[in-house]
Every structure is written in C-alpha cells, then in structure tokens.
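From first to last, the protein sequence lines are chains A and B.
0 is the number of the first residue of the first sequence in numbering that gives the first Met the number 0; add one for each residue after it.
0 is the number of the first residue of the second sequence in numbering that gives the first Met the number 0; add one for each residue after it.
Simulated from the structure, these hints should not be mistaken for lab results.
Heads up, some of the hints might be wrong.
Pairs of lysine to any residue, SDA-like flavour, derived with a Cα cap of 20 Å [unchecked claim]:
| id | chain 1 | residue 1 | chain 2 | residue 2 |
| --- | --- | --- | --- | --- |
| 1 | A | Lys292 | B | Phe21 |
| 2 | A | Lys130 | B | Phe21 |
| 3 | B | Lys26 | A | Ser174 |
| 4 | A | Lys646 | A | Lys656 |
Not close to chain B: a few residues of chain A, all C-beta gaps over 10 Å, as computed [stated by the list, open to error]:
| id | residue |
| --- | --- |
| 5 | Arg129 |
| 6 | Lys173 |
| 7 | Val176 |
| 8 | Ile181 |
| 9 | Asn188 |
| 10 | Ala214 |
| 11 | Val416 |
| 12 | Pro524 |
| 13 | His592 |
Quick reminder that beta carbons are idealized off the backbone N, C-alpha and C, glycines included.
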Amino acid sequence: MALPVITDQQLHCYHCGETCANEKIHVAEKIFCCDGCKMVYQILNEGELCEYYNLNENPGINQRVHVRKDKFAFLDDDKIQVQLISFRDNKQVHVTFYLPQMHCSSCLYLLENLHRLDPGVVSSKVNFTRKEVDIVLLTPQTSLRKVAETLTSIGYEPYISLNDLKEKRPAINKSMVYQLGIAGFCFGNIMLMSFPEYLGIDASEVGLRGMFRWANFALAIPVLLYSSLPFYESSWKSLKHKFLNIDAPIALAIIVTFVRSAWEVISGTGGGYFDSMTGIVFFMLAGRIVQDKTYRQLSFERDYTSYFPIAVSVLKENTEVPTTLPDLKPGDTLLIHNEELIPADGILSKGKAFIDYSFVTGESLPVLKEVGELVYAGGKQTEGNIEILVVKEVAQSYLTKLWNRDEFKKQEQSKSVSFVHLLSRYFTYIVLTIALVTGIYWQLNDPSKLWPAVTAIFIIACPCALLLSNTFTNGNILRILGHNHFYLRSAQTIEDMAKATHIVFDKTGTLTSTQQQDINYEGTPLTAYQQQQVAVLASCSNHPLSKALAKHLGIPKNMEVAAFKETTGMGVEGFVNGDLLRSGSYEFVAGKHNTQPGTAVYVSINNKVYGFFLFSNHYREAIPGLLNELKNEYRLSVLSGDNEAEKNNLERLLGRKATLLFHQKPEDKLQYIQQLQQQGEKVMMIGDGLNDAGALKQSDIGIAVAEQTNNFTPSSDAIIEARQFSRLTKFIRLCRANRNIVVASFVLSIVYNIIGISFAVQGNLSPLVAAILMPSSSLSILLLTFGSSSLLARRMKL
Amino acid sequence: MSVIIILLIASISVAALFLVAFLWGVKSGQFEDDYSPSSRILFEDKPASSTKTV
C-alpha cells in the first residue's frame with residue numbers, strides 16, 4: 000500500500016546531520032535533533048572548540064541514546080585502573096582509550112584539544128588508524144572516570160571490554176622493516192661498488208679493486224647475520240617439524256653464496272656474488288612485508304571477552320558496587336541497566352526482561368522473560384533495569400564454554416599448507432640432483448672446477464623467484480580485496496578461499512539485515528493522517544519494533560503525544576492529537592488472546608482495532624543475485640537460529656538442493672560443519688554473530704559479515720563489509736586466479752634459471768651475468784605478478 | 000686515485016645517514032598512522048573567543 004512520503008524540506012541536525020523531527024531544539028539559529036546533540040554543542044561552545052564544526056559538515060555522532068550516569072563508576076576501582084593504565088606515578092597517569100566513533104579530522108581536532116574541556120588533561124594524542132587516543136592526565140585534578148565521562152559527554156564513549164583485563168596486546172613487530180632497511184642499504188652500496196668488477200679495471204689500479212671487494216664483504220655481513228634471520232628461523236622451524244618448506248633452500252642458498260664469495264675475496268680469485276645475495280634478500284623481505292601488511296586496525300582474534308563489559312554493578316545491601324567480571328560469583332545479584340549486556344547465566348529476580356539475543360542465538364526479535372526464568376549470558380536487556388541472580392561464573396556460562404572448547408586449540412596446528420611449499424620441495428629435489436650430477440661430472444673430468452660449479456648452481460637455483468612471485472601476488476590480492484572492504488587475515492586465506500566446496504550461511508544478520516525489516520500492513524486501511532498518528536506514537540518508544548515502525552512510516556512534525564504509556568512486552572498507548580491510540584500485541588490492543596501470524600504489531604484507534612503491521616526479514620539487496628551465482632558452483636546450506644518462518648523464501652532463493660536448518664544452537668552449527676568436513680568438504684562459513692563463532696572457527700574459512708568493520712566481529716579468517724557482500728563471487732574468483740599467477744611467474748623464473756644453470760654447470764658464471772640475471776628476473780617477476788593481478792581485478796571491476 | 004676513497008667514504012656515510020633516519024622513523028612510529036599528522040598540521044590555534052557564537 001502507498002505511504003505518504005514527507006517531501007518538504009528536511010531539517011538536519013547541526014551536530015550529527017540526521018533529520019530532525021521538529022525545530023524545537025535550537026541554539027543560536029542552529030537546529031538539533033535531540034537534547035544530546037545540543038548538549039555536545041554547548042559543551043564545545045563553552046570550551047571554544049567550535050572549529051570542530053568548521054572542519055567537516057555535521058561531524059558529530061548522534062546522541063539520542065543516553066549513556067547512564069554511573070556507567071564509568073568502575074573506573075574508580077583501583078584494581079581495574081591498574082589493568083587499563085600504561086604508566087602511573089603520584090602525579091601523572093597515562094592511559095589509552097579505544098574510541099570506535101572516531102571517523103574524521105574533526106574528531107581528531109576535538110580529541111587532541113581535550114585539555115580545554117578538562118584542565119586535568121596534560122595531553123591527548125590520537126592514533127587514527129587504531130582509533131585510539133593516548134591521554135596523559137594529572138591525578139588529583141582529574142581521574143580516569145572523569146576523563147571517560149568527559150569523552151562520553153562529547154560523543155566519544157570509550158570502549159572498555161573484558162578483553163582489556165587480559166595481558167596487553169603484543170607490540171607490533173617492526174624488526175622485519177629494520178631488516179629490510181639494512182638489506183636495502185647494503186644492497187645499494189654493494190651494487191655501486193661492484194661496478195669495477197662488472198666493467199673491468201685498469202691493471203694499474205688493482206689495489207683499488209681489492210679495496211672495493213673487501214668493502215663489499217664488510218657490507219654483506221649485516222645482511223647475512225641480521226637481515227636474513229627470518230629465513231633461518233622459518234627453515235629451522237620447518238626442519239624441526241620434518242617438513243621442507245620454501246625457506247630452507249633459500250637459507251641454504253644465502254649461506255652458500257656468502258661462503259663462496261668470501262672465499263673468492265680472501266683468496267683474491269674474484270669478487271664474489273655479494274650483490275646478488277643482498278639483492279635477493281632485499282627483494283624477498285620486501286615481498287614478505289607486502290604480503291604480511293595486514294589490517295592492524297581490524298581484529299580477527301576477537302572472542303567473547305571483547306564483547307563483554309569489563310565490570311558490572313553488583314548489588315550489595317542496596318548499593319551498587321562495580322565488580323570486574325572474573326570476580327563474579329554464583330549468588331551475586333547483578334543490576335543490569337537498560338541497553339546493557341547480561342554477562343553471566345542467571346535467574347531473573349526483579350523486573351521484566353526483554354532480551355535481545357540476536358547476536359547470540361540469531362533470533363531476530365527480543366525475547367520476553369519473567370521473574371524466575373533463566374537468562375543466558377550474551378543477551379542485551381532492551382527495556383528498563385533488571386536484577387539477576389548469578390548461577391554460573393562468567394567463564395562457565397553457556398556461551399563462553401563454547402568458546403573454550405579444546406578442539407579449537409588442537410585445530411590451530413592442522414591448518415592447511417600452501418602449495419608453494421610443496422612446489423618448492425620438488426624444485427629443491429631437482430636442483431639437488433642437478434648439483435650432484437654436475438659434481439660427479441667435474442670430479443671425473445676437472446676436479447678444480449667442482450666447487451665453483453656446484454656452488455654456482457645453488458646460488459642460481461634457489462627458489463627465491465617462487466617466493467617472490469608468491470608473496471607479491473598475495474600481497475597485491477590482499478590489497479585489492481582490502482580496497483573493496485573485504486579483509487583477509489593472512490595470505491594463506493587466499494588459497495583456502497579458492498579451495499572451498501561448500502558454503503554455509505547464517506540467516507539473521509548475514510542473509511538478512513538486522514537494521515531493516517520488511518513491514519506490511521493488513522486490515523482496515525489507515526488514512527495518511529492515521530498513519531502519521533501511529534508513527535508519532537511509535538517514535539516515543541525505544542522498542543525495536545516501534546522504532547522500525549516509526550522509521551517505516553516516517554516521523555511527521557507537529558503532533559503531540561499525551562499520556563504516553565509503555566507496557567513492557569505488550570505495547571504502547573497514548574493520545575495523539577486527541578485520539579487514543581494503542582499499538583502492540585493483539586492481547587494488548589484488543590484485550591483478548593489470539594495467535595498472531597508471525598511478528599505483528601496491532602493498531603487500534605479510539606478502541607477500534609484497525610489491523611496489524613506484519614514484520615518479516617529483509618534480505619540484503621544483493622542476496623538473490625549472489626545466491627543465484629553461487630548455487631551452480633557450490634553446495635549451499637543455511638543454518639539459522641531463528642524459526643522456520645522464512646523457509647519458503649529461502650527455498651526459493653537457494654534452490655532445492657540446498658540444506659536449510661532452523662532452530663540451530665551454536666553447537667549444532669559447529670557440529671554440522673564438522674560433519675561436512677568429515678565428508679571431505681572444504682567448508683566456507685559466513686556468519687555474523689557470537690552464535691556463529693564456533694562454526695566460523697571450525698570451518699576451513701570463516702567469513703564474518705560486519706555492517707561496519709569497527710563493529711564487533713567474532714574471530715574469523717576474513718571480514719567482509721555487508722555492502723560488499725554481493726561481490727563475493729568475484730572475490731572468490733580473484734583468489735582462484737592467485738594460484739595461476741604464481742605458477743605462471745614461477746615458470747618465467749624457471750626460464751631464467753635454465754639460462755643461469757647452463758652457465759653454472761659449465762663452471763663459468765661470471766659476476767656480470769649473475770648481476771644482470773638476478774635483478775632482471777626479480778623485477779620481471781614483480782611486474783608480472785603485480786600487473787596480472789591488478790589487470791585481472793580491473794577486468795572484474797573490483 | 001685516493002680521491003675515490005674519499006668519495007667512497009662520503010657516499011657511504013650519506014647513505015648511512017639516510018638509513019639511520021629511516022630506522023629512526025620506523026622506531027618512532029611515523030609509518031603507523033598516516034592520517035592524523037597530515038590533518039593535525041592544518042589545525043589552527045585560534046585566538047580565544049573568536050569561535051564563540053553564543
């Protein structure tokens with residue numbers, strides 16, 4: 000049915016840019032959508048920080064949802080403080096807060112001028128990529144809690160989770176960048192000083208040549224002892240596991256090249272191959288860095304601890320005591336405020352719980368719980384405060400137990416191995432055979448050429464080209480996918496993506512959007528005016544259904560609601576422009592019991608029941624097309640924690656062959672994946688919530704769907720932004736192409752190798768030939784890998 | 000030809016200076032956050048009261 004669309008000029012909030020319902024809230028010609036936004040503006044105005052609004056248009060974050068006054072009371076607790084701060088003496092405290100709301104230069108400006116709002120703040124420095132702010136504060140003048148509250152008051156609520164109680168994050172390992180820098184320095188200078196060697200030198204200046212050689216020798220030592228360390232470490236590890244990886248022959252080649260070159264310099268017989276050696280180390284390190292440049296601002300390792308709060312209010316003799324989660328004991332009474340998370344399994348002892356489990360179980364709508372009922376950890380209370388009697392410790396609760404399964408720890412080791420290692424192994428065997436044959440040949444014919452020939456083979460034929468092509472292709476593909484908001488945890492994920500045979504979807508939040516619902520009205524038609532009345536009434540409530548309904552109908556201006564009353568779990572009522580409106584369950588609206596068709600909100604005006612709004616899942620726009628493409632290539636399954644209401648829709652979308660399972664608990668999902676794996680399938684699991692966490696971990700490749708990448712995502716191999724979901728088939732195709740590109744550039748490098756080896760077996764690999772072959776092969780491989788993967792991406796329109 | 004030795008020493012020490020600068024930059028985290036320094040430099044410390052509108 001047609002709905003009136005309000006087309007007249009809309010008012011936008013000066014602070015957050017959202018549409019304003021009316022012009023009631025304004026200061027100095029500036030209009031705000033809510034008191035929260037207005038308050039932030041006033042704070043900034045007093046602190047003379049209005050530059051904030053000049054840097055970007057409407058930079059603020061909507062403040063409609065109020066933060067509870069004592070929310071940060073736990074920051075006064077000494078034990079919690081110690082966990083959060085990085086340094087403290089009797090004057091100063093250094094602390095780092097994670098502020099996920101940070102998004103533009105205005106934020107940066109405001110946060111770095113925090114001292115104007117709180118004089119106790121000495122300095123605040125923003126790290127934008129990590130969305131963190133490092134704050135130095137003076138202790139008697141201000142406190143952690145005050146700073147957190149100041150930040151909250153201007154719209155940047157620090158995100159403090161249980162995860163902060165664990166050990167500090169390891170510092171980023173920069174040693175490989177140092178190693179690259181040193182290798183580059185040595186490589187460049189050695190190339191420069193090798194020119195006399197390449198071009199020849201007058202007999203009168205032989206002394207100079209000796210000096211250049213010794214200088215090269217000296218410059219190669221840091222590369223051998225420091226820059227090549229990653230290769231030694233990796234090959235040593237692989238040999239300990241009795242597995243020959245690609246780094247072992249490379250480490251061998253580096254050492255052999257150095258020893259041979261050093262011997263030439265010392266004996267005065269030649270200049271050695273220091274340029275080739277340092278060059279290859281430099282290129283290989285560069286490749287490793289390109290490949291490992293992961294998305295530091297994203298976390299692929301999140302578990303429930305980054306979702307749970309750090310502390311909750313425990314009621315002790317009618318006072319609220321902030322307590323850290325690990326200190327909760329069975330028997331404690333918790334006070335859960337509106338919009339707070341239930342951290343432990345417990346029994347509802349006071350209040351009416353209306354719990355949003357969408358993240359935990361996949362049920363799309365909040366569940367009503369009465370006093371005495373069991374509530375599981377992980378749900379979010381949506382209406383009013385409740386009290387809960389803890390029955391299980393946090394680590395023992397239903398949800399967290401799923402996480403701590405031993406199977407996950409075991410699984411880490413058996414992760415798949417890249418085909419590159421297998422390819423390099425064959426390559427190494429072939430090279431060893433050639434070396435052996437050459438060795439025997441020269442031993443019989445001219446023993447003096449034995450060592451020059453054999454070492455030259457090792458120098459020329461190290462599988463560094465394979466490593467180069469692999470790392471640079473992976474790096475480029477990771478970069479292209481990252482640009483498209485599809486973030487992979489590591490390079491190995493590319494190969495796993497390509498191998499998948501069975502794709503398993505979660506429903507709520509993955510195929511369907513949690514932020515949108517399809518709403519259809521059935522019953523006596525409502526006039527446009529009546530629809531507006533309903534919308535105004537609904538906009539007064541915070542209930543998810545009311546909010547969705549108000550958004551659907553469009554909130555009109557200039558309507559007054561009087562005597563508004565909300566009955567938890569039932570509905571809302573009030574007088575809108577003189578008419579008594581009720582909306583909610585059938586029981587609430589009509590006064591008698593009736594079975595409802597799915598999720599419906601009934602409406603009555605002046606005690607006459609008009610009809611109901613039926614809510615159904617809203618599939619993401621691109622889903623039908625995506626599923627259509629996928630269903631020909633893959634076996635598909637849908638595991639939903641929700642009821643079977645959507646069964647017909649899903650069958651239509653996925654085709655008959657697909658498996659559809661409903662009422663799936665987190666363990667059920669995990670077991671289903673295990674079953675598939677036992678049948679030899681490579682499973683790609685795509686999910687979004689904590690209820691998928693087990694399945695995501697168990698699957699060969701787990702992809703977490705996020706509305707925004709800064710939102711919480713359970714630990715996974717990849718994170719995809721919901722908007723990019725439609726391009727999944729393209730992403731998979733690009734990952735499949737990866738292998739072909741690597742193999743193609745490897746073939747190219749073998750051509751170079753054959754040329755090189757043909758010199759080497761004869762025992763006359765001149766420094767000039769080596770000096771030309773090595774960089775040209777490296778560079779052409781680099782060009783080929785980068786060029787072909789970028790070209791492919793462009794053709795796919797990625 | 001002893002001038003070559005001087006040139007050599009000069010060129011390597013210049014290169015070494017750049018190497019040290021690079022390592023220093025990495026160590027002090029200059030490559031970690033490439034957004035904020037470029038925005039930060041554009042912020043002006045306006046004289047007090049010029050932005051006050053109420």
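Cross-check of the supplied hints:
1. Between Lys292/A and Phe21/B, the direct Cα distance comes to roughly 18 Å. Compliance with the 20 Å bound is thereby established for this hinted pair.
2. A C-alpha spacing of about 25 Å is found between Lys130/A and Phe21/B, which places the hinted pair above 20 Å, so the restraint is violated.
3. For the suggested pair Lys26/B and Ser174/A, the alpha carbons sit about 10 Å apart, so the restraint of at most 20 Å is met.
4. The suggested pairing of Lys646/A with Lys656/A holds, with an alpha-carbon distance near 14 Å, which does not exceed 20 Å.
5. Against the 10 Å criterion, Arg129/A falls within the reach of chain B, whose nearest CB is about 7 Å from its own CB.
6. Lys173/A, annotated as away from the interface, has a beta carbon of chain B within 10 Å; the closest lies near 6 Å.
7. A Cβ of chain B approaches the Cβ of Val176/A within 10 Å, the least distance being about 5 Å, so the stated non-interface status is violated.
8. Separation of Ile181/A from chain B is inadequate, the least Cβ-Cβ distance of about 7 Å not exceeding the 10 Å criterion.
9. The non-interface label for Asn188/A is inconsistent with chain B: the shortest C-beta to C-beta separation is roughly 6 Å, within 10 Å.
10. Distance check for Ala214/A against chain B: the nearest CB is about 7 Å away, which does not clear 10 Å, and the non-interface claim fails.
11. With 10 Å as the threshold on Cβ separation, the claim that Val416/A sits away from chain B holds: the shortest Cβ distance comes to roughly 31 Å.
12. With a minimum CB-CB distance of about 48 Å to chain B, Pro524/A clears the 10 Å threshold, and the non-interface call stands.
13. Separation of His592/A from chain B is adequate, the least Cβ-Cβ distance of about 56 Å exceeding the 10 Å criterion.
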